[in-house]
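Visitor: Put together the whole structure using the sequences plus the hints.
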Amino acid sequence: MTKSSRANKSAPVLQPCIPYLRITTVADLVYIQPSTLAALLSDPDSAAKTAVIDVRDSDHVGGHIRGSTWVPLPELEARIPELLRLNKEKDRVVFHCMLSQQRGPTAALRYARVKRAADLREETARRAQVCVLAGGFEAWRARYGEDSKLTESYAKDLWD
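Numbering-wise (our numbering), the sequence shown opens with residue 27 and increments by one.
Any given hint could be a false lead.
As the list claims (entries may be wrong) - Heads up, simulated SDA-like pairs for lysine to any residue below, C-alpha to C-alpha not over 25 Å straight-line: (1) Lys75 x Glu108; (2) Lys182 x Gly171; (3) Lys114 x Pro100; (4) Lys116 x Arg105; (5) Lys175 x Pro70; (6) Lys182 x Arg105; (7) Lys116 x Gln128; (8) Lys175 x Pro100; (9) Lys114 x Ala144; (10) Lys75 x Arg111; (11) Lys116 x Thr50; (12) Lys175 x Asp83; (13) Lys175 x Trp185; (14) Lys75 x Ala143; (15) Lys114 x Leu146.
Unchecked claim - Simulated restraints, written as ranges between beta carbons of each label pair: (16) Trp96 x Ser61: 28 to 34 Å; (17) Ala144 x Arg169: 32 to 38 Å; (18) Trp185 x Leu112: 28 to 34 Å.
Hints listed in this document are in silico derivations from the structure and should not be mistaken for laboratory results.
If you're wondering where the values come from, they're calculated on a predicted model, not measured in any experiment.
Even for Gly, the Cβ is constructed at its ideal location relative to N, Cα and C.
Guide: As structure tokens, this is what we get:
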């Protein structure tokens with residue numbers, strides 16, 4: 027065995043740099059602006075690579091981001107395996123609640139931790155970005171509530 031082959035054999039195998047692997051606390055979460063998310067969802071190619079998870083509870087009534095998946099926060103733990111399976115080919119998974127101050131970040135953190143553990147067990151880790159919608163649905167609806175291409179089931183009278 028040559029000196030160079032011995033050096034290569036003992037070198038540690040490094041995992042690829044995966045953004046959500048660095049998410050360990052709420053402070054580590056990445057926030058995406060409503061305008062950035064709207065641009066992503068307006069482009070068919072990037073929309074297909076973006077998942078939006080709405081973790082609001084009864085405040086889900088009155089509108090939601092078109093194509094989003096509604097998973098009330100109390101149901102999240104039980105549904106994370108389903109969400110991982112459904113979103114395994116996505117480039118980004120965006121979580122939000124009404125203001126994205128508590129439920130949205132909490133959900134994103136839980137999802138990122140479970141995804142990290144699952145991907146460390148597999149060799150085919152997907153480089154997905156787990157993030158939170160800045161300002162939550164309140165910021166979204168203020169800009170895009172009446173845009174039927176971006177928002178479904180919007181009930182303006184509930185917001186006035």
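Visitor: Indicate, hint by hint, whether the structure satisfies it.
Guide: Evaluated hints:
no.: 1; hint: Lys75 x Glu108; result: 17 Å, holds
no.: 2; hint: Lys182 x Gly171; result: 8 Å, holds
no.: 3; hint: Lys114 x Pro100; result: 22 Å, holds
no.: 4; hint: Lys116 x Arg105; result: 17 Å, holds
no.: 5; hint: Lys175 x Pro70; result: 12 Å, holds
no.: 6; hint: Lys182 x Arg105; result: 30 Å, violated
no.: 7; hint: Lys116 x Gln128; result: 24 Å, holds
no.: 8; hint: Lys175 x Pro100; result: 29 Å, violated
no.: 9; hint: Lys114 x Ala144; result: 11 Å, holds
no.: 10; hint: Lys75 x Arg111; result: 14 Å, holds
no.: 11; hint: Lys116 x Thr50; result: 21 Å, holds
no.: 12; hint: Lys175 x Asp83; result: 23 Å, holds
no.: 13; hint: Lys175 x Trp185; result: 19 Å, holds
no.: 14; hint: Lys75 x Ala143; result: 22 Å, holds
no.: 15; hint: Lys114 x Leu146; result: 14 Å, holds
no.: 16; hint: Trp96 x Ser61: 28 to 34 Å; result: 23 Å, violated
no.: 17; hint: Ala144 x Arg169: 32 to 38 Å; result: 34 Å, holds
no.: 18; hint: Trp185 x Leu112: 28 to 34 Å; result: 29 Å, holds
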